[in-house]
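> For reference, the chains in residue letters:
Number of protein chains: 2
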Amino acid sequence: MVEVIEGVSARVPIALGDRSYEVLIGEGLMTSEAAWRGLPSATSAVVVTNTVVAPLYAERLCAHLRQRYPRVECVVLPDGESHKDWASLNLIFDHLLAEHCDRKTVLVALGGGVIGDMTGFAAACYMRGVPFIQVPTTLLSQVDSSVGGKTAINHPLGKNMIGAFYQPLRVFCDIATLRTLPAREVSAGLAEVIKYGPIADAAFLDWIEAHIEDLVALKAEAVIHAVRRSCEIKAAVVSADEREGGLRAILNFGHTFGHAIEAGLGFGTWLHGEAVGAGLVMAADLSARLGLVPGDVVTRLRGLVGRAGLPVAGPALSADEYLHHMRVDKKAEAGDIRFVLIDGIGKAVVRPAPEALVRETLAACTA
Amino acid sequence: MVEVIEGVSARVPIALGDRSYEVLIGEGLMTSEAAWRGLPSATSAVVVTNTVVAPLYAERLCAHLRQRYPRVECVVLPDGESHKDWASLNLIFDHLLAEHCDRKTVLVALGGGVIGDMTGFAAACYMRGVPFIQVPTTLLSQVDSSVGGKTAINHPLGKNMIGAFYQPLRVFCDIATLRTLPAREVSAGLAEVIKYGPIADAAFLDWIEAHIEDLVALKAEAVIHAVRRSCEIKAAVVSADEREGGLRAILNFGHTFGHAIEAGLGFGTWLHGEAVGAGLVMAADLSARLGLVPGDVVTRLRGLVGRAGLPVAGPALSADEYLHHMRVDKKAEAGDIRFVLIDGIGKAVVRPAPEALVRETLAACTA
Numbered sequence: 001m002v003e004v005i006e007g008v009s010a011r012v013p014i015a016l017g018d019r020s021y022e023v024l025i026g027e028g029l030m031t032s033e034a035a036w037r038g039l040p041s042a043t044s045a046v047v048v049t050n051t052v053v054a055p056l057y058a059e060r061l062c063a064h065l066r067q068r069y070p071r072v073e074c075v076v077l078p079d080g081e082s083h084k085d086w087a088s089l090n091l092i093f094d095h096l097l098a099e100h101c102d103r104k105t106v107l108v109a110l111g112g113g114v115i116g117d118m119t120g121f122a123a124a125c126y127m128r129g130v131p132f133i134q135v136p137t138t139l140l141s142q143v144d145s146s147v148g149g150k151t152a153i154n155h156p157l158g159k160n161m162i163g164a165f166y167q168p169l170r171v172f173c174d175i176a177t178l179r180t181l182p183a184r185e186v187s188a189g190l191a192e193v194i195k196y197g198p199i200a201d202a203a204f205l206d207w208i209e210a211h212i213e214d215l216v217a218l219k220a221e222a223v224i225h226a227v228r229r230s231c232e233i234k235a236a237v238v239s240a241d242e243r244e245g246g247l248r249a250i251l252n253f254g255h256t257f258g259h260a261i262e263a264g265l266g267f268g269t270w271l272h273g274e275a276v277g278a279g280l281v282m283a284a285d286l287s288a289r290l291g292l293v294p295g296d297v298v299t300r301l302r303g304l305v306g307r308a309g310l311p312v313a314g315p316a317l318s319a320d321e322y323l324h325h326m327r328v329d330k331k332a333e334a335g336d337i338r339f340v341l342i343d344g345i346g347k348a349v350v351r352p353a354p355e356a357l358v359r360e361t362l363a364a365c366t367a
Numbered sequence: 001m002v003e004v005i006e007g008v009s010a011r012v013p014i015a016l017g018d019r020s021y022e023v024l025i026g027e028g029l030m031t032s033e034a035a036w037r038g039l040p041s042a043t044s045a046v047v048v049t050n051t052v053v054a055p056l057y058a059e060r061l062c063a064h065l066r067q068r069y070p071r072v073e074c075v076v077l078p079d080g081e082s083h084k085d086w087a088s089l090n091l092i093f094d095h096l097l098a099e100h101c102d103r104k105t106v107l108v109a110l111g112g113g114v115i116g117d118m119t120g121f122a123a124a125c126y127m128r129g130v131p132f133i134q135v136p137t138t139l140l141s142q143v144d145s146s147v148g149g150k151t152a153i154n155h156p157l158g159k160n161m162i163g164a165f166y167q168p169l170r171v172f173c174d175i176a177t178l179r180t181l182p183a184r185e186v187s188a189g190l191a192e193v194i195k196y197g198p199i200a201d202a203a204f205l206d207w208i209e210a211h212i213e214d215l216v217a218l219k220a221e222a223v224i225h226a227v228r229r230s231c232e233i234k235a236a237v238v239s240a241d242e243r244e245g246g247l248r249a250i251l252n253f254g255h256t257f258g259h260a261i262e263a264g265l266g267f268g269t270w271l272h273g274e275a276v277g278a279g280l281v282m283a284a285d286l287s288a289r290l291g292l293v294p295g296d297v298v299t300r301l302r303g304l305v306g307r308a309g310l311p312v313a314g315p316a317l318s319a320d321e322y323l324h325h326m327r328v329d330k331k332a333e334a335g336d337i338r339f340v341l342i343d344g345i346g347k348a349v350v351r352p353a354p355e356a357l358v359r360e361t362l363a364a365c366t367a
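Top to bottom, those sequences are chains A and B.
Under the UniProt record's numbering, the first residue of the first sequence is numbered 1, with each subsequent residue one higher.
Under the UniProt record's numbering, the first residue of the second sequence is numbered 1, with each subsequent residue one higher.
To be clear, the hints were calculated from the coordinates, so they are not data collected in a lab.
Hints may be right or wrong, so weigh each one.
Repeated chains share a single entry, so a pair holds when one copy, or any two copies, can fit it.
Derived SDA-like pairs (lysine to any residue); straight-line CA-CA distance at most 25 Å [claimed, not checked]:
{"id": "1", "residue 1": "159", "residue 2": "247"}
{"id": "2", "residue 1": "104", "residue 2": "71"}
{"id": "3", "residue 1": "104", "residue 2": "325"}
{"id": "4", "residue 1": "104", "residue 2": "214"}
{"id": "5", "residue 1": "159", "residue 2": "316"}
{"id": "6", "residue 1": "159", "residue 2": "129"}
{"id": "7", "residue 1": "104", "residue 2": "159"}
{"id": "8", "residue 1": "219", "residue 2": "95"}
{"id": "9", "residue 1": "159", "residue 2": "90"}
{"id": "10", "residue 1": "159", "residue 2": "249"}
{"id": "11", "residue 1": "159", "residue 2": "94"}
{"id": "12", "residue 1": "347", "residue 2": "5"}
{"id": "13", "residue 1": "159", "residue 2": "364"}
{"id": "14", "residue 1": "219", "residue 2": "246"}
Please build the complete structure, drawing on both the sequences and the hints.
Take a look at the structure:
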């Protein structure tokens, strides 16, 4: 029997032994007194955010934290994936050291996936590890990147190449923050929500199809259910494979094609979620060509991705360019391209595919 | 019953659950076929070393590794604590990424504490963690820094501020490598050996006193015993407190004074072990002033430290300067200076001390 916390609509436990924690989902959680109870004490809380999110939420969160921690600081980083690098990470370290923050400091990530990844990695490394809390403010980070403990920065030679598996103390998915998101970013987040259906839960895919307009419109009840079910599915996968030994790869359904789109166009041209949206259709198409699912599954996913406001086909890059970028994707070990595919709706498999079939998919699913 | 491995004189297990590993000690272990057996397979081994150690041992180690791994690379970093920074760490990442090293790469640290700390931290972060092996080539790293999983780089505002707890797969203490060490570095390593007596093992302190000349002369039998017993004591402490929750602090006996010496003179003026040597005497002196040990313990330690070729008193900095540097030491939480002291020989305690007594120690134990 799970205790009810005022203002918290859903709680998802992430079972990872002594690194276990909860994802709390609800409206206005960022400043809910009840939701923040029970966290360990700290000498300082340092909020890490960016220039876009800070004006919207930093003051409100810091005021709330001042009731809980003796000292509250705020570090504002430049916005965007292009700043997910050592220079920005070092801005966090500079601040922590200049302010003499000790090992009893807690970092609080306030923002989307880039802020969460960088804050988590800073927490993993600062004095060999201080605790951190996630307050994801985008749909994509609420349903995906803030859960599971993958933290990282980019290197000029590759995305997310320098990082750590490091779990937060708690994740606060305050769905009120989603209302300040541009529509394009809501759609991008929905790509990751849609992903969970084909790989793990056919009934959830049915539910998403029935509620996609409510999700696009950010209706609270629908969003809370979508975030909850997404986190539950991710939690089950992460609990079974914290360090990406194998199973966790299924969360990358659509991502091998998606990464090729991002890399081929130049990162930032399409949002990650947009590339994943088209990537889902392409991965379903390849699954169908391998005989793993009937062709109508591709039609169905294409329709849903389109209704979510996402591109349903990849951009017009050459097949060779796609293949090149898929080969250097870091999930590729020793040159092989392994794809996450679906073997019926609700079951993912990871396997290589013949290049001829991949080329057929690229011909069928790009503009 | 521990299996005997050819060429291995001693084996020290480090019990850390699924992160457990062994320290192997012996002559010529670096290229012992038997000692390297049983490590997990890898697509590449990347040796990380520096400009001083590379000409002595890199070729020999790489040739040995080529018999075990399909591909062997070597990264040579600039030498010295002043290069224990992000720029050098990034040289490792640049190399790994330029060579398309995947998650099945193993890093091999060949060198002293700086190389071990940096290689371990690079391994902790590269693609969120690849395995690594320690081949410490200094006495200090064999008896201290290569055991226990503390890895880090320095930040302009503090030493070892950015790092991780990350355990190696195995540690190879090849005592043959110590013969290329300058005498000053042998003495520096002996400071850490001596440390283990007062904090944990009165009989080991007796043994060190009886064999200090053999140790200074690097006689194999004595060195093997000293490395083994040092690693055993460190292993017991680390197993009980991997992440420095409390007990592990006793390993810093002499280090609070020592760090103040290093910081006050400018890092690199005295070797770390030299500062610890004088720091041991000062910490014993403070313990005596607090009534925890009789005064003759100070005389005894001072004599031993001197016979090891180490300074027995701190440099002539002002007491205020010592106190300033001790206060900013990162082991000081929220402003308190806590000292590791001895409560009789063989038992360490961690506690604050009245400033007046600390000033008496500084007056008595500095030049």
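> For the identical chains here, do residue 104 and residue 214 meet the 25 Å Cα criterion within one copy, between copies, both, or neither?
neither (42 Å within a copy, 44 Å between copies)
> When Cα atoms must be at most 25 Å apart, do residue 104 and residue 325 count as within-copy, between-copy, both, or neither?
between (42 Å within a copy, 20 Å between copies)
> For the identical chains here, do residue 104 and residue 71 meet the 25 Å Cα criterion within one copy, between copies, both, or neither?
Cα proximity of residue 104 and residue 71: one copy only (11 Å, versus 43 Å across).
> Can you give me the call for residue 347 and residue 5, within, between, both or neither, at a CA distance of at most 25 Å?
neither (34 Å within a copy, 47 Å between copies)
> From the Cα coordinates, with 25 Å as the cut-off, is the pair residue 159 and residue 364 best called within, between, both, or neither?
neither (28 Å within a copy, 56 Å between copies)
> Please sort residue 219 with residue 95 into within, between, both or neither, judging by C-alpha distance up to 25 Å.
Answer is neither; intra-copy 39 Å and inter-copy 49 Å both fail.
> Within a copy, between copies, both or neither: which one fits residue 219 and residue 246 at a CA-CA cutoff of 25 Å?
Answer is neither: 35 Å inside a copy and 49 Å across each miss the 25 Å cutoff.
> When no copy is specified for residue 159 and residue 247, does a C-alpha distance of 25 Å or less occur within a copy, between copies, both, or neither?
within (21 Å within a copy, 39 Å between copies)
> Should residue 159 paired with residue 249 be assigned to within, between, both, or neither, using CA atoms and 25 Å as the limit?
within (16 Å within a copy, 37 Å between copies)
> Between residue 159 and residue 316, at a C-alpha cutoff of 25 Å, which is it: within one copy, between copies, both, or neither?
Classified as within; 23 Å inside a copy, 50 Å across copies.
> When Cα atoms must be at most 25 Å apart, do residue 159 and residue 94 count as within-copy, between-copy, both, or neither?
Both: 23 Å inside a copy, 13 Å across copies.
> Tell me, please, which holds for residue 104 and residue 159 at an alpha-carbon limit of 25 Å: within, between, both or neither?
between (30 Å within a copy, 18 Å between copies)
Of the hints listed earlier, those the structure fails to meet are numbers 4, 8, 12, 13 and 14, in rising order.
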